[in-house]
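First to last, the protein sequences are chains A and B. Position 135 (the first sequence) corresponds to 135 in UniProt numbering; numbering is contiguous. Position 344 (the second sequence) corresponds to 344 in UniProt numbering; numbering is contiguous.
Treat the hints with care, as some may be off.
To be verified - Residues from chain A that face chain B, not an exhaustive set, calculated with beta carbons under 7 Å:
| hint | residue |
| --- | --- |
| 1 | Asp4 |
| 2 | Glu57 |
| 3 | Trp85 |
| 4 | His415 |
| 5 | Ile416 |
| 6 | Gln417 |
Calculated from the structure, these hints are not laboratory results. The beta-carbon is built from N, C-alpha and C at its ideal position, and this holds for glycine as well.
2 protein chains.
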Amino acid sequence: MAQDRPRVVIVGAGFGGLTLARALRRAPVEVVLIDRQNYHTFQPLLYQVATAGLEPEEIAHAVRGIFQKRRSVRFVMGTVVGVDWNASAVLLDDGDRIAFDYLVLAAGAVTNYFGIEGAAECTFPLKTLEDAIALRSHIIRQFEEADRHPERIREGLLNIVVVGGGPTGVEMAGALVEWFELVFRKDYPHLPMNRARVLLVEALDTVLAPYDERLQQYARQQLRQRGVELHLGDPVARVTPEAVYLQSGERIPTRTVIWAAGVRACPLADRLGLPQTRGGRIEVAADLRVPCRPNVFVIGDLAASRDETGRLHPQMAPVAIQGARHVARQIQRLLRGQETEPFRYRHRGSMATIGRHAAVAELKGGVRLTGPLAWFAWLALHLVQLIGFRNRLQVLINWAWNYFTYDRSARLIFHIQPISVNELPEIKYAELENPEHDTS
Amino acid sequence: MAQDRPRVVIVGAGFGGLTLARALRRAPVEVVLIDRQNYHTFQPLLYQVATAGLEPEEIAHAVRGIFQKRRSVRFVMGTVVGVDWNASAVLLDDGDRIAFDYLVLAAGAVTNYFGIEGAAECTFPLKTLEDAIALRSHIIRQFEEADRHPERIREGLLNIVVVGGGPTGVEMAGALVEWFELVFRKDYPHLPMNRARVLLVEALDTVLAPYDERLQQYARQQLRQRGVELHLGDPVARVTPEAVYLQSGERIPTRTVIWAAGVRACPLADRLGLPQTRGGRIEVAADLRVPCRPNVFVIGDLAASRDETGRLHPQMAPVAIQGARHVARQIQRLLRGQETEPFRYRHRGSMATIGRHAAVAELKGGVRLTGPLAWFAWLALHLVQLIGFRNRLQVLINWAWNYFTYDRSARLIFHIQPISVNELPEIKYAELENPEHDTS
Numbered sequence: 001m002a003q004d005r006p007r008v009v010i011v012g013a014g015f016g017g018l019t020l021a022r023a024l025r026r027a028p029v030e031v032v033l034i035d036r037q038n039y040h041t042f043q044p045l046l047y048q049v050a051t052a053g054l055e056p057e058e059i060a061h062a063v064r065g066i067f068q069k070r071r072s073v074r075f076v077m078g079t080v081v082g083v084d085w086n087a088s089a090v091l092l093d094d095g096d097r098i099a100f101d102y103l104v105l106a107a108g109a110v111t112n113y114f115g116i117e118g119a120a121e122c123t124f125p126l127k128t129l130e131d132a133i134a135l136r137s138h139i140i141r142q143f144e145e146a147d148r149h150p151e152r153i154r155e156g157l158l159n160i161v162v163v164g165g166g167p168t169g170v171e172m173a174g175a176l177v178e179w180f181e182l183v184f185r186k187d188y189p190h191l192p193m194n195r196a197r198v199l200l201v202e203a204l205d206t207v208l209a210p211y212d213e214r215l216q217q218y219a220r221q222q223l224r225q226r227g228v229e230l231h232l233g234d235p236v237a238r239v240t241p242e243a244v245y246l247q248s249g250e251r252i253p254t255r256t257v258i259w260a261a262g263v264r265a266c267p268l269a270d271r272l273g274l275p276q277t278r279g280g281r282i283e284v285a286a287d288l289r290v291p292c293r294p295n296v297f298v299i300g301d302l303a304a305s306r307d308e309t310g311r312l313h314p315q316m317a318p319v320a321i322q323g324a325r326h327v328a329r330q331i332q333r334l335l336r337g338q339e340t341e342p343f344r345y346r347h348r349g350s351m352a353t354i355g356r357h358a359a360v361a362e363l364k365g366g367v368r369l370t371g372p373l374a375w376f377a378w379l380a381l382h383l384v385q386l387i388g389f390r391n392r393l394q395v396l397i398n399w400a401w402n403y404f405t406y407d408r409s410a411r412l413i414f415h416i417q418p419i420s421v422n423e424l425p426e427i428k429y430a431e432l433e434n435p436e437h438d439t440s
Numbered sequence: 001m002a003q004d005r006p007r008v009v010i011v012g013a014g015f016g017g018l019t020l021a022r023a024l025r026r027a028p029v030e031v032v033l034i035d036r037q038n039y040h041t042f043q044p045l046l047y048q049v050a051t052a053g054l055e056p057e058e059i060a061h062a063v064r065g066i067f068q069k070r071r072s073v074r075f076v077m078g079t080v081v082g083v084d085w086n087a088s089a090v091l092l093d094d095g096d097r098i099a100f101d102y103l104v105l106a107a108g109a110v111t112n113y114f115g116i117e118g119a120a121e122c123t124f125p126l127k128t129l130e131d132a133i134a135l136r137s138h139i140i141r142q143f144e145e146a147d148r149h150p151e152r153i154r155e156g157l158l159n160i161v162v163v164g165g166g167p168t169g170v171e172m173a174g175a176l177v178e179w180f181e182l183v184f185r186k187d188y189p190h191l192p193m194n195r196a197r198v199l200l201v202e203a204l205d206t207v208l209a210p211y212d213e214r215l216q217q218y219a220r221q222q223l224r225q226r227g228v229e230l231h232l233g234d235p236v237a238r239v240t241p242e243a244v245y246l247q248s249g250e251r252i253p254t255r256t257v258i259w260a261a262g263v264r265a266c267p268l269a270d271r272l273g274l275p276q277t278r279g280g281r282i283e284v285a286a287d288l289r290v291p292c293r294p295n296v297f298v299i300g301d302l303a304a305s306r307d308e309t310g311r312l313h314p315q316m317a318p319v320a321i322q323g324a325r326h327v328a329r330q331i332q333r334l335l336r337g338q339e340t341e342p343f344r345y346r347h348r349g350s351m352a353t354i355g356r357h358a359a360v361a362e363l364k365g366g367v368r369l370t371g372p373l374a375w376f377a378w379l380a381l382h383l384v385q386l387i388g389f390r391n392r393l394q395v396l397i398n399w400a401w402n403y404f405t406y407d408r409s410a411r412l413i414f415h416i417q418p419i420s421v422n423e424l425p426e427i428k429y430a431e432l433e434n435p436e437h438d439t440s
């Protein structure tokens, strides 16, 4: 490594971290990119892995593969558990430390259980490939068990409850009913498939709340029509291994609760001694730097960045990607002795898919799409955003296969042990037990 | 299910069990196919999953998908832990029992550690998809650790030891050096790749012992030329978490020992009270029936079937497949009141691949091939044997990708917990504690 170049340490190889490392390719810096996984995960398609439509490897890409030809980017697989502000170094879980000249925190978000009783213990998150494989395996196991012991169906074996009516919850619920209708109905001819229920539970009175009212209405109607039972305006009170209890008092017997109710900043954020907003996001100035830490930036889901009216940016990939490009420019400005500029997020639109031929899209300039056109646009957009030609080709083939054969090929049960990303390993560093809120 | 048809219960959905269930499609029987996994695994390509060349889902196929259109085949996902001979029923691990009119044992083989100290605890088997994913993840983890802590390389972090010089060991060793040379050399530019060693340990003086001497010589020379260190004629004495000790006294420091030294009958075989050969295979008559059990057949790796000279058939897929077709015919003969016929295995040849453009093939009639021709023949043969058009297409694309780009895309670390297939769950059945050797 070129020792004389200033070192930019990026924590997290998600959309933000990866974009930043790429954007710095011509900058006179040395980049160290740290992630706990050795691959980048294309999270928007995790729900398709969980519903057997895609294979896990197709939506992931080894980080080292991306930077094989960039000697200025060094990848470190490790878990960052803190920052030694005095020494300007990040601390890894095995005791290593990596010094930085610039630090960019892009560690993303984890599942937010909002302190609801039983949620963390009894529900399935969907943030990692392991989560997706574990969920896929669990759902198929319920059907296998029901096939052998139909008397247990009444215990809710075939009830899948999705908590959260945002895009993730809607996409998940839509994919589940399709999977059941197209595949399980044929796979389990002896099962009473009318007793396989997909329930979407949402605290608000609608799904896709931030979208235009007409799109919300379309989504609700499409979900219902496809067989999703909507429980709107009825928040989850608690979850047990046998059931979900709603605040209305309703009890839904189930062994499968998918938690798509929201995210919070990854637990690293709580260990840095930096001001945070609700949900743990780190407060940043307009240029995405941490106030009083002139060499520390935060991007993506972890950053409490705001628009001109002071509203927090949504926690979605485009904000992270644009933030990364912004930070790449700012680091180069700082290296040249220039002032930083404020970050301006340009919202180009949002999309959510419900199922075959059904999606909603809200584009810049008030353009709203529903139906097959929105659905094909969603497919195309996600395809081009995938990393790597091979991944694109394989996802395209799988989508075409699923589309024409009405099949879901990856319905295999793997014995996998997901590791919670909601918890950080224990800190081994004396100096972090008493983090100094030094603002020099 | 048609209750009046005699029921054929098949234990195991490997090559034998699957072929048999398909071959019985026009027979007037009800088929119950039982497997502990919900999918069929194409075991000959497991080593390519373990070396990141293929994705796990590509070499597996959901059993229910294969028989969706065959109402006469019923699949049961479960682990058979014994047979109640008096009641003519197989016993599942959860206490269920499934009655049979005909029973076909096709449960295959598991890893044979030959009682070598530390082998079962400290080595990686390669019999299931989970094994392959766990091994892939483990190997990449060693490189990641070496990249962060080069001082640990001297502890054998980058030494991979393959035990066993049969086709599996040879293919594994060849794939490993290719993976290291083509991918890791670029992924880890800071690592001294000359210290990444692949060692093949074999008790005999050669690899591919059953093959013609010229093919053995070719394989040894190709392996050496590609960088595999051959330790021939030096059996493993014991294995610890830090090293392999050979009988010569040599100590090879390593954290990765892949056990490809041999197989033994799956543990179910030991619980049936039936005569077994060395390696646990169940003794069968010439028609593949268990002597004195006129309605019980054994096929594949589990069967101690023999050729005319009394030599045991090799434990390979073609024997299982031909055995399955034979048993399908015999069951139909028995149903018609006819005598059974003896099983005659027709050996068409054997092949093993070493690496890019290098393979050996020994075909019927004394035809021997080496080099690119044998290699392409090997690829083509394995491609057509895969189950499902989609799997074939995806494997073909991945092979073409790997061939032209010199890449291995699936190099992702998953946190997976393989479940040992060498152990059966505890028996819950009183009657099995004292198995009656009733031969009525």
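Hints versus structure:
1. The interface hint given for Asp4/A is broken, as the beta carbon of that residue sits about 18 Å from the closest beta carbon of chain B, more than 7 Å.
2. With its C-beta approaching chain B no nearer than about 4 Å, Glu57/A sits inside the 7 Å limit, and its interface hint holds.
3. A cut of 7 Å between beta carbons decides the hint on Trp85/A: the least distance to chain B is about 23 Å, and the hint is violated.
4. A cut of 7 Å between beta carbons decides the hint on His415/A: the least distance to chain B is about 5 Å, and the hint holds.
5. Among the interface hints, the one on Ile416/A holds; its C-beta lies about 5 Å from the nearest C-beta in chain B, closer than the 7 Å criterion.
6. With its C-beta approaching chain B no nearer than about 4 Å, Gln417/A sits inside the 7 Å limit, and its interface hint holds.
Comparing the model with each numbered hint stated earlier shows that hints 1 and 3 do not hold.
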